[in-house]
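K.L.:
Take a look at the letters that make up each chain.
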Amino acid sequence: MTGDAHHLLPSGTPVTLIGIDGHPVAGSGRVFPSDAELRQALAALITARRLNDQAHALVRQGRLAVYPSSHGQEACQVAAAQVLDDGDWLFPTYRDTVAAVGRGVDPVEALTLLKGDWHCGWDPYEHRVAPHATPLATQLPHAVGVAHAARLRGEPTVAMALCGDGGTSEGDFHEALNFAAVLRAPVVFLIQNNEYAISVPLARQTAAPSLAYKGIGYGIPGERVDGNDVAALLTVLGEAVARARAGEGPQLVEAHTYRMQAHTNADDATRYRTSAEVDAWLERDPITRLERHLNLPASDVSEMREAADRVAAHLRDGLNRDISPTPAQLFEYVYATPTSQLREQQAQLADEHAREGAAG
Amino acid sequence: MTGDAHHLLPSGTPVTLIGIDGHPVAGSGRVFPSDAELRQALAALITARRLNDQAHALVRQGRLAVYPSSHGQEACQVAAAQVLDDGDWLFPTYRDTVAAVGRGVDPVEALTLLKGDWHCGWDPYEHRVAPHATPLATQLPHAVGVAHAARLRGEPTVAMALCGDGGTSEGDFHEALNFAAVLRAPVVFLIQNNEYAISVPLARQTAAPSLAYKGIGYGIPGERVDGNDVAALLTVLGEAVARARAGEGPQLVEAHTYRMQAHTNADDATRYRTSAEVDAWLERDPITRLERHLNLPASDVSEMREAADRVAAHLRDGLNRDISPTPAQLFEYVYATPTSQLREQQAQLADEHAREGAAG
Amino acid sequence: MTHEKLTMAQALNRALRDAMTEDSSVVVFGEDVGPLGGVFRVTDGLTAEFGENRCFDTPLAEAGIVGVAVGMAMNGMRPVVEMQFDAFAYPAFEQIVSHVAKMRNRTLGRVTLPMVIRIPYAGGIGGVEHHCDSSEAYYAHTPGLHVVTPATPGDAYGLLRESIASPDPVVFLEPKKLYWTKEEVSLTTASLVGRAVVRREGTDATLIAYGPSVPVALAAAEVADREGRSLQVVDLRSIVPFDDETVCAAVRSTGRAVVVAEAAGFASVSSEIVARVTERCFHSLAAPIRRVTGFDIPYPPPKYEHLHLPGVDRVLDAVDDLQWEDS
Amino acid sequence: MTHEKLTMAQALNRALRDAMTEDSSVVVFGEDVGPLGGVFRVTDGLTAEFGENRCFDTPLAEAGIVGVAVGMAMNGMRPVVEMQFDAFAYPAFEQIVSHVAKMRNRTLGRVTLPMVIRIPYAGGIGGVEHHCDSSEAYYAHTPGLHVVTPATPGDAYGLLRESIASPDPVVFLEPKKLYWTKEEVSLTTASLVGRAVVRREGTDATLIAYGPSVPVALAAAEVADREGRSLQVVDLRSIVPFDDETVCAAVRSTGRAVVVAEAAGFASVSSEIVARVTERCFHSLAAPIRRVTGFDIPYPPPKYEHLHLPGVDRVLDAVDDLQWEDS
Ligand SMILES: Cc1ncc(C[n+]2csc(CCOP(=O)(O)OP(=O)(O)O)c2C)c(N)n1
Ligand SMILES: Cc1ncc(C[n+]2csc(CCOP(=O)(O)OP(=O)(O)O)c2C)c(N)n1
Ligand SMILES: [Mg+2]
Ligand SMILES: [Mg+2]
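Residue numbers (our numbering), protein chains in the order written: chain A, 1 to 360; chain B, 1 to 360; chain C, 1 to 327; chain D, 1 to 327.
For the record, the hints were derived by calculation from the structure and aren't laboratory data. Beta carbons: idealized from backbone N, C-alpha and C, even for Gly. Keep in mind that a hint or two might mislead.
Listed next, the stretches of chain A that the computed footprint assigns to chain C, with coverage defined by at least 3 CB atoms under 8 Å from CB atoms of chain C [what the hints assert, rightly or not]:
1) 110 to 122
2) 143 to 153
3) 170 to 176
4) 325 to 339
Have a look at the derived ranges for each label pair, beta carbon to beta carbon [claimed, not checked]:
5) B/P156 <-> A/R30: 46 to 56 Å
6) D/D313 <-> C/H283: 22 to 32 Å
7) C/A219 <-> B/A57: 30 to 40 Å
8) A/G12 <-> B/V301: 51 to 61 Å
9) C/D225 <-> B/Y125: 17 to 27 Å
10) B/D35 <-> C/E49: 49 to 59 Å
11) B/E352 <-> C/V198: 20 to 30 Å
12) A/D85 <-> D/D313: 50 to 60 Å
13) C/S284 <-> D/E227: 25 to 35 Å
14) D/E245 <-> C/R280: 24 to 34 Å
From just these sequences and the hints, can you work out the full model?
P.N.:
In structure tokens:
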């Protein structure tokens, strides 16, 4: 059983296809995505960045309560969405708004929770995007269950399950990977290793050579990829999805990237990292790198920018609409049929409101 | 950081020093324990086996409620106890009674819980043996904490934390290994892989090449050892303890062994495994193997047997004493100072008893 | 034939088989539920009958079991998972509280989780620590879950069928000391969730019980009857939803009540029963409602459990305390 | 100087510093408690002052944090661990219920666990889901834990010092909406665990509250006063142990009571208060004790929380309902 174990180990360095200078990296031995795929990715990256920055601004304007930005990590999220088929599922975290948008979720709906409106703003079945999970790593076993159910029915569904470096420390990460491996569930686990869990640096999160080395302990192949190189991500994730779909079981991919902004706007990143450290990542920016590589005519890029602006404007407008919470909503979705207890409580609240209305 | 990762991987096959025929196995390149160490181990093995069988019999006689026997796994437990210093800690599971006894715990005390008397029958500080843990893998983070506290105070303590193959699937296993690695806590995690978690075979527990491959995912060196070869166990565990004590951080050892009896006497093992499978392990019995190897004069072995008989007799006598539970005990140890609620409840129970006494 | 004499364990097994036969989306999984048939044999024979895809053993990880069930329920299945013992469901607590209970609400009803978490619970079988917890309060306090517990084989069958068919997640608590009680069971589906039942009529006081305490209450009523006191016994069956109507009608009819439950009393389901019945029936009460519960201590060792468990005498003491001015 | 004007967060920080200074076995750890000083800055400056061995960040795993704390407490330390938010303590539930709460009892008092689990809890700050749970019932129902919750900066200091010094494990619930309330704090140790306090005298009815609901109760009493009704306010401070004496004396003095708490009401601490006070004071009560609690729903989104949280009006409505025959 152990003879072929080493193929489960990741490469010593992350797979990179496009260098910082935009030139292809020689000797990776990996398939290079087509120009069309890269153009699609660039458009998505530009939109993603625009959304990140727009959301950031909307927090300052008080239209969003909080926003965990993925500025700098957009390549991971764009690639994660792009490699999936329509019948596949995406399991995002709170930082993966733009991945959800990449699957087709309306950005206004995607930010419903962070706006302070209802917990999940989209229909998870419409684009097969699970509600984003705040309790860390808890969504990973859900992805396994969704994938396993599909497999039992003979459907070709793959689940792409996202998770941060910090999330890998939770018991649920361990249990999800182990279940997936034993069940041979078609799940791709993508760790966005952005070096921090809020203030806690990777070195206090793990002593592993790298997070992808966790795969072998479950019998899952682990791979490492440059998380700021969308070409490498498209190839590595695309192949992982294909293997999962072909019945080869779950796959683990660690993307090395960096969170360029604070954890959320409520966080003060200067308490735990230097601006020099942040600046060093500027040159690895996923968008600049791809733009350099594709070297498109300026008009093509402006078109993409304009499209992104339109999405941002749509977001701005959507978030400018006020929320008018109705008391009944509190009780409506707890159970399929409300208990008599909830009916009583709902009546009590309605009565309060009626009296307030009468008094006011 | 990843250059030297491969030294964290276990050998493809478990370390064995003494073959089934009792002859040393050539070419292991490992230190062979001294004859004195092996004699000590044999005496302990014989006692351990005797205790296992005695306890088994005591269940049938109704003196013990239940007994999870380690018949067949005694080499793991004897070695785990033997490689520790007095200042070290042992963290046993419910199946590790004989390991606790190996540390000096009186067998009668060791079986207190299974007799139906108080939860933990020994003073954990006396022999530095933690109360055995029933909820699987929950004791592993405790071992990390004990070891870390000692290290903070500059004490040379090592904690030996035991766990089954099934227990490795729990989130607590993952979290404990990760904490230990990040804190560089001096803990040796010993997995007794006995092929089953009650009825669930290893293949449904993990798809890993072997459980020792989990180490690298935490940056912990993993080793595999023949769990029925006490010589190999003494060497591998002894070296692991030495490395942990020397500040090299936690160590993971997987011992390949087999549970020869049912999970407990309440279990029906014929439902999930064949007697042929069990029989195949008979020839690997740890005691026969060591006896063949040492080839001691018959009188030496009989002496050991007699010593074991004395321990078994002591156990039998101890368990024949009836338990006389006192109502006050229920309330005495919940808090350092009982709450007024508990004082009330204790008084109520005392009153009931007084009235029953008066009535009866 | 729609009637059979079955133990509670057999009735539960039968409910699983019948549900799996009728609905191919019902899947059963957990620790040792496959070839072994579960440590209490509730899943006996299911793998043989329905195959490994419908009833299977999992790795030993309760959060994983519940978490995977959530995913399967999101994707068209009706998982019924087993936690091996009460205290071994605690590793799954986060999944249960933060996801199982909330998914429907979080998603405006778009994602429903038709799943059942079966938990053998409570004491009375001489089990060692962590095998005897009465954990119902943890679940009952968590909005979004249904929490039911049968006291008879018949209710076990009916409640489990209904729970599996329910669009909402159900924590299904099986009183392990009653697994071997036997009765004629009607193998038909029924509407029991949310409905308490008067198990015995009586006029002097009402005993309110559920799960493992129902037989205790009935035995107490039997003894009281011989002593000339007529006790009514209500079996809740369903803790959430709670049947205020039946319980309050019963208490109003007698004017006195004792709640009997094994769990530690503090901040428990018993507290809730006392609080809500008192709120609703205050002026019908001749005396404060008494509680006979487990003490506020960790579940004691086997040889001590008789001291801890609410028994007939303790229930009758409480009844005696109900301020019988005329006695 | 033994008095300082401090916010509750500062008072807690000060309690940690003072305890760490006095006792070198006190260690603080958890997620982001090191250089960041905790997301609420309660551990601000501790790593700088005491070094990485005394205050350190851990991997992101709550069961691991609590489990390691158990081990450290077994081996001579006094760990104070932080769970970042209420719902993020659930992964540690098994460690808390099966070990933290039971270790002393399991070992006949030989192994004690002097440890504190700090949990910022409850709502009122517009937090998103999983950041606003009132989880006190889960802990209060579990025998073997002390459960305390301050409502003022002064109590925060005193209760935390006492909790750290306690030989028993304490679940220390910090009402996050009160972190920024400020008052003059006496920096001396006191004996507050197990002692409720009458925060405001009153003669018509008693409001019983704790943690985040104490200011609500006080505000309600203020308004009632203007309307000519005199309300007494009791702050529990300590849920376990529970101060029956103070609470019952208060209720007996007015004959009417309302319990105010944010948590869902079903099988909650509020239920317990109603049940036990009614059991003890039945014949002093002119009306059933009312509860004003969170609804039995998952904590709602920020824009809806005002509908959910017990507020002054709802408390006063309940007071109006206390059957004032003469009004
Ligand atoms: C179970 C749980 N514990 C704690 C938190 C609080 N928390 C939110 S985000 C975060 C850090 C997560 O880091 P990582 O997984 O690396 O993801 P990133 O934020 O970097 O994308 C923490 C501790 C949580 N959401 N869930
Ligand atoms: C958290 C938890 N879940 C379930 C159980 C029930 N249980 C007791 S032993 C056991 C199997 C353990 O298998 P393994 O870890 O391989 O140890 P072994 O019994 O083989 O020594 C199970 C499922 C438990 N004790 N704790
Ligand atoms: Mg991160
Ligand atoms: Mg095993």
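K.L.:
Now look at each hint and say whether the structure bears it out.
P.N.:
Consistency of the hints with the structure:
Against chain C, the stretch 110 to 122 of chain A contributes 3 residues with a C-beta closer than 8 Å to a partner C-beta. That satisfies the three-residue criterion, and the hint holds. Chain C is given as covering the stretch 143 to 153 of chain A, and this holds because 10 residues of the stretch bring a CB closer than 8 Å to a CB of that chain, at least three being needed. Only when three residues or more bring their CB closer than 8 Å to a CB of chain C does the claim for the stretch 170 to 176 of chain A stand; here the count is 5, and the claim holds. Only residues whose C-beta sits within less than 8 Å of a C-beta in chain C count toward coverage, and the stretch 325 to 339 of chain A has 6 of them, enough to reach three; the restraint holds.
Range check, B/P156 to A/R30: Cβ separation about 49 Å, and the 46 to 56 Å hint holds. Remark: the range hint 22 to 32 Å for D/D313 to C/H283 is upheld by a beta-carbon distance near 26 Å. Take C/A219 and B/A57: their Cβ atoms lie about 37 Å apart, and the range 30 to 40 Å holds. Between A/G12 and B/V301 the C-beta distance comes to about 53 Å, which sits within the given range of 51 to 61 Å.
Remark: the range hint 17 to 27 Å for C/D225 to B/Y125 is contradicted by a beta-carbon distance near 54 Å. As the Cβ distance of B/D35 to C/E49 is approximately 57 Å, the hint placing it in 49 to 59 Å holds. Distance hint check for B/E352 and C/V198: the Cβ-Cβ separation is about 29 Å, which falls inside the suggested range of 20 to 30 Å. Taken as a hint, the range 50 to 60 Å holds for the pair A/D85 and D/D313, whose Cβ atoms sit roughly 53 Å apart.
For the pair C/S284 and D/E227, the beta carbons lie near 31 Å from each other, so the given range of 25 to 35 Å is met. Between D/E245 and C/R280 the Cβ separation comes to about 28 Å, which falls inside the hinted range of 24 to 34 Å.
When the structure is compared with the earlier hints, a violation turns up for hint 9 alone.
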